[in-house]
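Q: So the chains spell out like this:
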Amino acid sequence: MIGATNLHKSFGDFHAVQGISFNVPPGEVLALLGPSGAGKSTTIRMLTAMLRPTSGTATVAGYDVIREPAQVRAHVGLLTEYPGLYGRMNALDYLIFFGQMQGIARTDVAVRAEALLRRFGLWEAHRRKIGSYSKGMQQKVALIRAMLHNPQVLFLDEPTSGMDPQSAQVVREAIEDLRDEQRVIVLCTHDLNEAEALADRIAVISGGKLAALGTAAELTRRLLGEPLWEIEVAEPLPGLAECVSACVTVEQAVGNRIRYRTAEPQHLNPVLLDRLHTAGVSVVALREVPRSLQDVYMQILGTPAAAVRPTFRSRPARLAMEHAQ
Amino acid sequence: MNYRRIYAIVYRELAEIMTDWRMVVPLLTLTFVVPSLAVLTVLLVTVFLHDTNWALSLLPLTLLLCGFLPAGFAMGNASESFVGEQERKTLESLLSTAVTDAEIYLGKVTAAVLLPLTSSLLAIATFTGLFVLSVPAPLVAQLHPAMIAAIVLLVTLKAIVLVAGAVLISIHATSVRGANLLSAFALVPVGAMVNVDAYLLVAHRLDLLLPIAVSFAITAVLLLWAGLSTFKRETVLAREQTSVRIPWLARPVK
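These protein sequence lines are chains H and L, in that order.
Just so we're aligned: the first sequence equals residues 42 to 366 in our numbering.
Just so we're aligned: the second sequence equals residues 58 to 311 in our numbering.
It is possible that some hints are incorrect.
Each computed SDA-like pair below joins lysine to any residue, with the alpha-carbon atoms no more than 25 Å apart [said to hold, decoys possible]:
no.: 1; chain 1: H; residue 1: Lys176; chain 2: L; residue 2: Leu151
no.: 2; chain 1: L; residue 1: Lys146; chain 2: H; residue 2: Phe55
no.: 3; chain 1: H; residue 1: Lys170; chain 2: L; residue 2: Asp77
no.: 4; chain 1: H; residue 1: Lys170; chain 2: L; residue 2: Met80
no.: 5; chain 1: L; residue 1: Lys146; chain 2: H; residue 2: Leu133
no.: 6; chain 1: L; residue 1: Lys146; chain 2: L; residue 2: Glu70
no.: 7; chain 1: L; residue 1: Lys289; chain 2: H; residue 2: Phe52
no.: 8; chain 1: L; residue 1: Lys289; chain 2: H; residue 2: Asp105
no.: 9; chain 1: L; residue 1: Lys146; chain 2: H; residue 2: Ala166
no.: 10; chain 1: L; residue 1: Lys289; chain 2: H; residue 2: Phe55
no.: 11; chain 1: H; residue 1: Lys250; chain 2: L; residue 2: Glu291
no.: 12; chain 1: L; residue 1: Lys146; chain 2: H; residue 2: Phe52
no.: 13; chain 1: L; residue 1: Lys289; chain 2: H; residue 2: Ala111
no.: 14; chain 1: L; residue 1: Lys289; chain 2: H; residue 2: Asp54
no.: 15; chain 1: L; residue 1: Lys146; chain 2: H; residue 2: Gly172
no.: 16; chain 1: L; residue 1: Lys146; chain 2: H; residue 2: Ser173
no.: 17; chain 1: L; residue 1: Lys289; chain 2: L; residue 2: Met58
no.: 18; chain 1: L; residue 1: Lys146; chain 2: H; residue 2: Asp134
no.: 19; chain 1: L; residue 1: Lys289; chain 2: H; residue 2: Ala102
no.: 20; chain 1: H; residue 1: Lys170; chain 2: L; residue 2: Leu151
no.: 21; chain 1: L; residue 1: Lys146; chain 2: H; residue 2: Gly128
no.: 22; chain 1: L; residue 1: Lys146; chain 2: H; residue 2: Arg129
no.: 23; chain 1: H; residue 1: Lys170; chain 2: L; residue 2: Ile74
no.: 24; chain 1: L; residue 1: Lys289; chain 2: H; residue 2: Tyr123
no.: 25; chain 1: L; residue 1: Lys146; chain 2: H; residue 2: Met188
no.: 26; chain 1: L; residue 1: Lys146; chain 2: H; residue 2: Asp205
no.: 27; chain 1: L; residue 1: Lys289; chain 2: H; residue 2: Gln59
no.: 28; chain 1: L; residue 1: Lys146; chain 2: H; residue 2: Ser202
no.: 29; chain 1: L; residue 1: Lys146; chain 2: H; residue 2: Arg169
no.: 30; chain 1: L; residue 1: Lys146; chain 2: H; residue 2: Arg93
no.: 31; chain 1: H; residue 1: Lys176; chain 2: L; residue 2: Glu70
no.: 32; chain 1: L; residue 1: Lys289; chain 2: H; residue 2: Ile107
no.: 33; chain 1: L; residue 1: Lys146; chain 2: H; residue 2: Met130
no.: 34; chain 1: H; residue 1: Lys176; chain 2: L; residue 2: Asp77
no.: 35; chain 1: L; residue 1: Lys146; chain 2: H; residue 2: Gly78
no.: 36; chain 1: H; residue 1: Lys176; chain 2: L; residue 2: Ala72
no.: 37; chain 1: L; residue 1: Lys146; chain 2: H; residue 2: Pro76
no.: 38; chain 1: H; residue 1: Lys176; chain 2: L; residue 2: Gly141
no.: 39; chain 1: H; residue 1: Lys250; chain 2: H; residue 2: Gly343
In short, the hints are calculated from the structure, not lab data.
Work out the full structure: start from the sequences and follow the hints.
A: Right under this line is the structure:
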């Protein structure tokens with residue numbers, strides 16, 4: 042559905058995008074991450090046929106962005122970084138106008154606009170001027186505008202920005218529905234939790250180049266190593282690390298906790314528990330240390346997160362642990 | 058070329074202006090109140106001061122000004138047609154649709170021309186109507202149809218030149234303030250030409266007005282063509298990434 046090969050875009054001496062290549066098949070959500078000014082917007086503008094690549098090629102929804110730009114724009118939906126709405130128009134008239142810009146007959150677009158306004162809970166306010174809407178409502182109108190012509194490919198820049206949690210959930214569900222309909226969604230966001238929750242794959246752009254591409258699990262393993270496991274015992278034991286060192290290489294031993302890495306926990310962890318049980322050690326918990334997409338992201342951008350970060354604990358638990366140490 | 062899309066853009070642009078009282082009130086004032094005051098002035102001069110010569114000598118200039126003022130005011134709206142949308146962040150969503158560059162330009166320029174032209178012609182009609190209804194018959198006879206036709210033609214061409222120029226400036230400007238300043242600068246020579254037109258009308262030199270009208274028509278066509286050929290999504294969006302480099306500007310001078 043999207044195929045970009047060695048895309049470059051220069052503005053004079055400034056090279057905004059330098060050789061980005063990726064493919065996105067139907068039914069996939071790709072999260073495009075990267076710091077501000079990394080080249081995400083320029084990449085999206087090239088893929089939506091608004092900017093012509095300096096070099097390289099791309100096909101979107103089966104159309105070439107250089108040779109068939111009008112066809113590309115007719116088959117993609119773009120939610121821009123800023124909602125960019127005409128504040129003096131009411132929502133229905135606004136959507137009808139944009140439907141006409143996409144070449145849909147006025148009567149058809151009115152029916153579709155009503156259905157989408159109802160779906161996003163805006164039908165009651167459809168006669169109000171958009172300028173009087175809250176930020177979240179405006180963001181919803183902008184999202185409806187992107188979906189109005191039933192595009193095969195959607196580029197969504199910060200789709201839940203400014204929304205209350207309930208509205209954000211409605212938008213996330215809409216994105217999941219679109220994926221189920223085998224549409225391609227490119228999600229441009231700074232919300233790493235949202236990217237992790239919604240995206241099938243993640244692409245990180247930095248300095249105009251594709252710094253990383255893969256699933257969250259692939260990127261985590263590639264950049265942060267094998268999964269990290271933690272055993273917590275009832276009381277601090279001086280010889281705890283030595284007790285398990287025959288089975289694993291202990292990465293960290295602090296107080297009543299030890300941490301180690303393994304790619305085969307299904308085999309290793311039972312053996313380890315047996316050994317501790319035999320040694321008379323009371324195991325309180327055995328868990329995988331969660332590694333967030335933020336750690337991966339920071340690693341990619343050259344700001345490595347702390348190799349081992351304590352897992353989240355409630356304040357009383359934290360105080361108890363500090364007291365024990 | 059999809060004419061429905063052009064029509065939709067024209068309709069939206071006009072609706073946007075006509076729902077803004079900051080545009081509507083001055084336009085209505087310039088269209089109806091100013092011509093009415095001009096006729097009143099002519100009446101006061103002729104009826105109370107018994108000076109018909111003075112009134113007649115000023116008649117072409119007054120009529121030209123009545124037509125020119127709304128066009129000049131509406132130029133401010135034309136000068137922000139593109140750069141204003143860009144500043145308000147509404148242009149990108151329009152550029153992301155299937156509408157072509159030419160359709161966007163033609164829609165915006167048509168709306169920008171229609172408003173001042175309608176306003177100018179209405180102002181001329183208001184002045185003429187009130188003049189015919191209120192001043193003594195001998196004076197009305199001085200308002201020749203040929204003169205009115207010439208004024209309508211000149212005002213129409215000036216309005217198109219002003220608006221086409223303002224839209225062209227708007228395409229290439231980086232801020233509304235800059236676009237307005239440049240447009241205001243363009244208003245000066247066109248305004249000066251109003252005086253020349255009025256002088257030639259008083260002197261009954263309609264033969265000299267023809268080349269002026271032709272030159273304005275050519276200028277209007279050139280400006281419209283320049284706008285049509287230079288408005289490109291690429292140019293507008295790429296401008297966000299580039300900036301004016303003073304040494305580069307000075308290079309040809311060295």
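Q: Now look at each hint and say whether the structure bears it out.
A: Hint-by-hint comparison with the structure:
Proposed proximity of Lys176 (chain H) and Leu151 (chain L) is supported: the alpha carbons are some 20 Å apart, at most 25 Å. Our distance criterion of 25 Å between C-alpha atoms is met by Lys146 (chain L) and Phe55 (chain H), whose separation comes to about 23 Å. Using a Cα cut-off of 25 Å, the hinted pair Lys170 (chain H) and Asp77 (chain L) holds, with the two alpha carbons roughly 13 Å apart. Between Lys170 (chain H) and Met80 (chain L) the alpha-carbon distance is near 18 Å, which keeps this suggested pair within the 25 Å criterion.
Annotation: proposed proximity of Lys146 (chain L) to Leu133 (chain H) holds, straight-line Cα distance about 20 Å (limit 25 Å). A threshold of 25 Å between alpha carbons decides the hint, and for Lys146 (chain L) with Glu70 (chain L) the separation of about 16 Å falls inside it, so the pair holds. Annotation: proposed proximity of Lys289 (chain L) to Phe52 (chain H) holds, straight-line Cα distance about 15 Å (limit 25 Å). Distance hint between Lys289 (chain L) and Asp105 (chain H) is fulfilled; the C-alpha atoms sit about 19 Å from each other, no more than 25 Å.
With a C-alpha separation of about 23 Å, the suggested pairing of Lys146 (chain L) with Ala166 (chain H) holds against the 25 Å cut-off. Pair hint Lys289 (chain L) plus Phe55 (chain H) holds up; C-alpha atoms about 20 Å apart against a cutoff of 25 Å. The straight-line distance between the Cα atoms of Lys250 (chain H) and Glu291 (chain L) is roughly 21 Å, inside the 25 Å bound, and the hint therefore holds. With a C-alpha separation of about 20 Å, the suggested pair Lys146 (chain L) and Phe52 (chain H) falls inside the 25 Å cut-off, and the hint holds.
For the hint linking Lys289 (chain L) to Ala111 (chain H), the alpha-carbon distance of about 13 Å falls within 25 Å, and the restraint holds. Proposed proximity of Lys289 (chain L) and Asp54 (chain H) is supported: the alpha carbons are some 21 Å apart, at most 25 Å. The straight-line distance between the Cα atoms of Lys146 (chain L) and Gly172 (chain H) is roughly 14 Å, inside the 25 Å bound, and the hint therefore holds. As the CA atoms of Lys146 (chain L) and Ser173 (chain H) are separated by approximately 17 Å, the hinted pair is consistent with the 25 Å bound.
Simply put, Lys289 (chain L) and Met58 (chain L) have alpha-carbon atoms about 16 Å apart, close enough for the 25 Å limit, and the pair holds. For the given pair, Lys146 (chain L) sits about 19 Å from Asp134 (chain H) by alpha-carbon distance, which is consistent with the 25 Å threshold. Restraint check: the Cα-Cα separation between Lys289 (chain L) and Ala102 (chain H) comes to about 23 Å, which is no more than 25 Å; the hinted pair holds. The suggested pairing of Lys170 (chain H) with Leu151 (chain L) holds, with an alpha-carbon distance near 19 Å, which does not exceed 25 Å.
Distance check on the hinted pair: Lys146 (chain L) and Gly128 (chain H) sit about 12 Å apart at the alpha-carbon level, within 25 Å; holds. The hinted pair formed by Lys146 (chain L) and Arg129 (chain H) meets the criterion: a straight-line CA distance of about 14 Å does not exceed 25 Å. Between the alpha carbons of Lys170 (chain H) and Ile74 (chain L) the distance comes to roughly 15 Å, so the proposed pair stays at or under 25 Å and holds. Note on Lys289 (chain L) and Tyr123 (chain H): the hinted pairing holds, with a Cα-Cα distance of about 21 Å set against a maximum of 25 Å.
A hinted pair counts as satisfied when its Cα atoms are at most 25 Å apart, and Lys146 (chain L) with Met188 (chain H) qualifies at roughly 19 Å. For the hint pairing Lys146 (chain L) with Asp205 (chain H), the CA-to-CA distance comes to about 23 Å; that is within 25 Å, so the pair holds. Proposed proximity of Lys289 (chain L) and Gln59 (chain H) is supported: the alpha carbons are some 23 Å apart, at most 25 Å. Between Lys146 (chain L) and Ser202 (chain H) the CA atoms are separated by roughly 16 Å; this keeps the pair inside 25 Å, and the hint holds.
For the hint pairing Lys146 (chain L) with Arg169 (chain H), the CA-to-CA distance comes to about 21 Å; that is within 25 Å, so the pair holds. Proximity of Lys146 (chain L) to Arg93 (chain H) is assessed by CA-CA distance (about 20 Å); at most 25 Å being required, the pair is judged to hold. The straight-line distance between the Cα atoms of Lys176 (chain H) and Glu70 (chain L) is roughly 24 Å, inside the 25 Å bound, and the hint therefore holds. Between the alpha carbons of Lys289 (chain L) and Ile107 (chain H) the distance comes to roughly 14 Å, so the proposed pair stays at or under 25 Å and holds.
Of the supplied pair hints, the one linking Lys146 (chain L) and Met130 (chain H) holds, its CA atoms being roughly 15 Å apart against a limit of 25 Å. Restraint check for Lys176 (chain H) and Asp77 (chain L): satisfied, since their Cα atoms lie roughly 22 Å apart, inside the 25 Å limit. Taking the CA atoms of Lys146 (chain L) and Gly78 (chain H), the gap is near 18 Å; set against the 25 Å cutoff, the hint holds. Our distance criterion of 25 Å between C-alpha atoms is met by Lys176 (chain H) and Ala72 (chain L), whose separation comes to about 24 Å.
At roughly 21 Å between alpha-carbon atoms, Lys146 (chain L) and Pro76 (chain H) fall within 25 Å of each other, so this suggested pair holds. For the hint pairing Lys176 (chain H) with Gly141 (chain L), the CA-to-CA distance comes to about 21 Å; that is within 25 Å, so the pair holds. As the CA atoms of Lys250 (chain H) and Gly343 (chain H) are separated by approximately 14 Å, the hinted pair is consistent with the 25 Å bound.
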